[in-house]
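Asker: Each chain, letter by letter, is given below.
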Amino acid sequence: MDKRYAIETNNLFKRYKGKDKPTLDGLSLKIPYGSLYGLLAPNGAGKTTAINIICGLRRFDKGEVYVAGYSTKDELKKIKPHLGLVPQELALFPSLTAKENLMIFGGLYGMRGAVLRKRVEELLELFDLTSSKDTIINHFSGGMKRRINLIAGMIHSPKILILDEPTVGVDAQSRKLILDKLVEINKEGTTILFISHYLEEAEAICNEVALMDNGNIICEGKPEELYRAYECGQNLESLYMLITGKKMRDYHE
Amino acid sequence: MSKLKYLLYKDLLLLVRDIAGMLLMFLMPVVLVILMSLLQDSTLNSVRDAKVPILLVNKDTGELGKAIESEIFRTGIFEVSQDVEGVVPSVNQLEKAVASSRFVLGIYIPENTTDDIRQNVAKYVSAAFNGVETTTEHIPVDFTVYIDPTTKSSFNSTVMSTLKEKAQKIQFEYIMKEITKQVNLLSPVPISSNSFSGDQVRIEVKSAHLEGNDIVPNSVQHNVPAWSLFAIFFIVISLSGSIIKEREEGSFSRLLTMPCSYTEYLLSKAIIYTVVAMLQFAIMLLIGVYLLPCFGLESLNLGSSFAALGLLALSSAFAAIGYGIAIGNIARTYQQSSVFGSMSVVIMAAIGGVWIPLFLMSETMRTISLLSPMHWGISAFYDIFLKDAGVMAILPESAALLLFGALCFIIAVAYNHKYRMDI
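Top to bottom, those sequences are chains X and P.
Taking this note's numbering, I'd label the letters of the first sequence as residues 1 to 253.
Taking this note's numbering, I'd label the letters of the second sequence as residues 1001 to 1423.
Since the hints were made in silico from the structure, they are not lab data.
Values in this document were obtained by computation on a predicted structure and should not be read as measured data.
Ideal placement from N, C-alpha and C gives every residue a C-beta, glycine not left out.
Hints may contain errors.
Claimed, not checked - DSSO-like mimics (lysine-lysine), calculated; alpha carbons at most 30 Å apart, straight line: (1) Lys-73(X) to Lys-1245(P); (2) Lys-1051(P) to Lys-145(X); (3) Lys-133(X) to Lys-1005(P); (4) Lys-77(X) to Lys-176(X); (5) Lys-78(X) to Lys-1096(P); (6) Lys-62(X) to Lys-1418(P); (7) Lys-1005(P) to Lys-17(X); (8) Lys-62(X) to Lys-99(X); (9) Lys-99(X) to Lys-1418(P); (10) Lys-1418(P) to Lys-133(X); (11) Lys-77(X) to Lys-1418(P); (12) Lys-1005(P) to Lys-73(X); (13) Lys-1005(P) to Lys-19(X); (14) Lys-17(X) to Lys-118(X).
Said to hold, decoys possible - Here chain X is said to cover these stretches of chain P; the calculated rule only asks that three of the stretch's residues, wherever they fall, bring their Cβ under 8 Å from a Cβ of chain X: (15) 1014-1025; (16) 1337-1343.
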């Protein structure tokens, strides 16, 4: 375990029952503290499995996983207060209001009373949702739901924030707001693992990226260094196509 | 504990916002208990009040004719006709009336039957006192009973036993009188035949109960506990549905990434749904005690042990919650859980004696019903309401329900641990 890294996986293997190929095939991922790290991969490359393992939601066959300096195998309880997850699906209670959702999630992170209320109000204000705080989530637009989903993952001011496709299905205004806020909180010291299919988003906000395929990291580093190393122009899309190919990646779960 | 408080807050809010689920859990059982109590009360009353039509032609003016006639009227189970369209029938006409299925039974007591018995007895006793071993001067005494061949043999046996008993009692009294008469002719000191009666053995029939009140089962005493159990078990649909919805929506995964354990997650649901089950139970009891009498039904007698009642309700709730959590963990989709949950609860209710009381079931079905947790619950509720049972008497059923719930919990947790982490 290297103390420089907020998230560290060493030689991680995971093969699901009934599958011939491993989903994670020796994945080694090292995300330094303070980085805004983009993980880019085609469908079926194993990124959701990797996130689930990092968050302690799935078992793995072989390897090591450390988050905030603790092993996910033995010290998951110590990891949880430092980790925030913004999953791809809207992991909210749709029949509760925005404020009720956030109060519950904050309460479960151990926040109480005035501190919790203040934090909820602040984040609602920050993401322009104050006027809708007492509306049930089911009545929200896609963009509003995404913003609440993001707030729920960062309500407790985690050291490490993992975001899986946080801007799927949102309008341009909500997308810009989300991305701007991510850059802000990263500057305040939060390590962010950002997973997206939108390469231009990763290009715009990430200071480090990794391209993943077939359960492993193909290349990683600062975007400019990667463009130079692979001689593929000045954008992530060219690099991505060069490395993962143009073949469709349909897969069955 | 404080995390549990937030989980309880979440589960409570989710529950009260689920209007359809609340109606299913609270309104449906109320409607069902009222409806079924009324329906079954009238059905049971009609069965109880249905009388067997018989045709009685009594031409004997003596004691035997009177005794049989009064016994037939006394039982209250017969609808007695003594003529057919205003005409007292002959033996042949009586046979035809029974054969045409207008009557289940036809009894023809000829004229002078009592006198003929008395004369026969006098001859036999006199002959015995005179040292004659047999007498051939015997007047035949026959009264005829026609029975519809489709009636049950047990019913026929009962009727024949009653008639024979009455005839033998009359014969016995005449024999005693005749012996007394003969002894008084021989003895200088007269004796009385009144000192000995044929009714020396009295059989008293009472409803069985452990202690206290003598209660007769009725529609309310069956339906209130039966539908309370059904309601308690029906929370399975809402409970398993909420688990699956949270899993499908992703909030379950999010909760597991928070400092909140799977045990706390389940405990919160178990506490909230235990409160729901207790509320359902209390409402159903109140309906049984106060509302059903307004519809002309009897009020529910709650027995004398509230501790037993509480223990049994809690055990039933625990069994239902365990079952709901197991379904919620094993079923993959909301549709699977709602279809399987409702079907299995309805089947458990059917074989457990909720729809049709156990005492109306065949022996085979009663044996099968032992498999249903609802049967365990109903049996114990019968003990409390009908036999005034206390905590000790219902411990076996409570233990069985608790064991069932615990087994379901273990299966749910084991399944989640083994499979969900790898799916």
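Asker: Of the numbered hints stated earlier in the document, which are not met by this structure?
Answerer: Checked against the structure, the hints that fail are numbers 2, 4, 5, 7, 8, 9, 10, 13, 14 and 16, while the rest are satisfied.
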